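Each chain, letter by letter, is given below.
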Amino acid sequence: MSQWIRACATDDVDEEDLIRFDHAGETYAIYHSPEGDFFATAGKCTHEDVHLCDGLVMGHLVECPKHNGQFDYRTGEAKRAPVCVNLRTYPIRVEAGAVFIEVP
Amino acid sequence: MKRDYSLLGPDGARAVETGLAAAEWYHTEVPRKVMKELMQRSDQPAIRDTVIWLGSMVVLAGIGIAFWPSFWTIPAWLAYGVLYGSASDSRWHECGHGTAFRTAWMNNAVYEIASFMIMRNSATWRWSHARHHTDTYIVGRDPEIAVMRPPAFFKLILNFFGVFDVAAALPRLAYNAVLGPTTEEKTFVPQSEWGKVARVARIHMAIYLATLALAIWLGSILPLMVIGLPRLYGAWHHVMTGLLQHGGLADNVIDHRLNSRTVYMNPISRFVYWNMNYHVEHHMFPMVPYHALPRLHDAIKHDLPAPNPSIAAGFAEMWPALRRQLRYEDYFLRRELPEGAKPYREDFHRAALGDLPETAIPAE
Ligand code: FES
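Quick mapping for you: the protein sequence lines, in order, are chains A and B. Quick note on our numbering: the first sequence kicks off at 1 and runs consecutively. Quick note on our numbering: the second sequence kicks off at 105 and runs consecutively.
Keep in mind the hints are simulated off the structure, nothing from the lab. Just so you know, these numbers come straight off a predicted model, no measurement behind them. Heads up, a few of these hints could be off.
[What the hints assert, rightly or not] Rough simulated footprint, nothing fancy, chain B against chain A, three-plus residues with beta-carbon under 8 angstroms:
1) 26-38
2) 49-59
3) 81-88
A virtual CB, placed ideally from N, CA and C, is assigned to each residue, including glycine.
Generate the whole structure from the sequences, applying the supplied hints.
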């Protein structure tokens with residue numbers, strides 16, 4: 001049963017940046033795009049067990065802090081070696097200044 | 105303790121068992137705002153440096169060819185050699201990380217050119233270098249350990265002229281061109297890339313064969329002075345700086361302050377080496393592009409061992425330690441941290457290293 005969870009306030013995440021959000025033993029990443037939209041993905045890289053929250057957001061890409069692999073955080077698509085496996089994405093909703101994420 | 109550096113051997117398996125492999129490494133605290141600013145990418149510094157790099161190579165090779173075989177071309181060939189056989193190493197490295205330029209195709213183009221010059225398969229080495237960052241100097245895991253213990257001095261010295269590197273690269277090139285990656289390479293290159301390994305090897309091979317054919321046709325080694333041989337006669341600078349990166353320091357630890365070395369260098373060496381003299385900083389934060397490493401150094405140096413003040417000072421520290429490792433394989437240099445720095449994690453490293461060598465090994 002999936003559920004909507006409040007992840008953060010909209011101003012917790014700078015534009016063109018991301019933060020980590022942990023819930024029920026899982027870790028997620030919440031992104032704020034340069035256009036002002038929000039997105040959510042799994043919090044760890046698919047290459048190795050590394051949190052993406054220390055990485056860099058450039059446009060619609062997030063770069064992993066360990067080996068500079070890149071994903072498009074809107075779709076989760078792996079864009080640059082050494083990542084080959086796509087990142088899981090999660091639906092997001094913005095309401096009254098808060099960001100909600102739908103988790104399984 | 106005898107070390108087995110094979111990626112398929114018992115040391116590698118033990119590192120996985122004990123949690124040394126793919127472990128969480130120590131990082132100096134840097135505020136997110138500062139780090140974001142340091143990680144910013146830009147094309148401008150790398151475009152400028154690439155124009156100087158390749159432009160100088162064209163001019164120097166032009167002088168070498170125009171006045172060939174005059175004795176007076178030697179300085180031009182020596183400088184050309186360093187730009188070909190050494191600067192290619194740092195370009196390969198930075199563009200492999202994808203941090204040198206902001207624009208992806210520029211990183212990829214310079215990465216391919218530099219990989220060819222340094223005689224590395226661009227499809228294989230991208231992955232081996234990822235492993236080097238995951239498991240830096242973890243025995244049996246890191247495929248890029250430059251100085252194995254006990255150090256093979258004869259090999260190290262000949263490698264200043266690329267002898268062993270090239271002797272290993274050429275048969276590997278032939279193997280890759282015909283059969284794809286070797287069994288060891290298959291441990292770190294994903295299967296989806298195996299075809300690319302063979303394709304790249306075939307392209308490199310074709311360029312070398314064409315150069316060789318031209319040399320035979322002309323009855324002159326001149327074409328090989330431009331392509332191929334500078335990997336030998338110009339290798340010394342990247343070997344010199346490369347040895348300093350980790351030589352004489354700890355292995356099997358998960359704190360880059362224990363296994364990497366930062367050395368202050370002259371501006372020419374820093375241009376050739378693309379600021380990789382800030383090596384602790386690079387390993388701790390591989391997202392920071394080469395041109396921002398001096399600023400990163402300023403931001404975290406309070407937490408790192410003092411850098412060596414010059415290349416000569418780095419060698420003066422490292423060389424005796426390497427000599428000592430001939431007799432005591434477990435010996436390593438342990439540099440003091442400045443006051444106020446976060447201490448090394450003794451508990452974990454003691455478990456990883458067994459008896460700490462300082463107490464176990466008599467002074468010479
Ligand atoms: S862990 Fe993310 S790219 Fe390697």
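Here is how each hint holds up against the structure:
Residue count for the segment 26-38 of chain A with a Cβ under 8 angstroms from a Cβ of chain B: 0. That is fewer than the three needed, and the coverage hint is violated. For a cut-off of 8 angstroms, the count of residues in the segment 49-59 of chain A with a CB near a CB of chain B stands at 5, and the three-residue condition holds. Here's how the segment 81-88 of chain A fares: 3 of its residues keep a CB closer than 8 angstroms to some CB of chain B, so the rule of at least three is met and the hint holds.
Hint compliance for this structure: hint 1 alone is broken.
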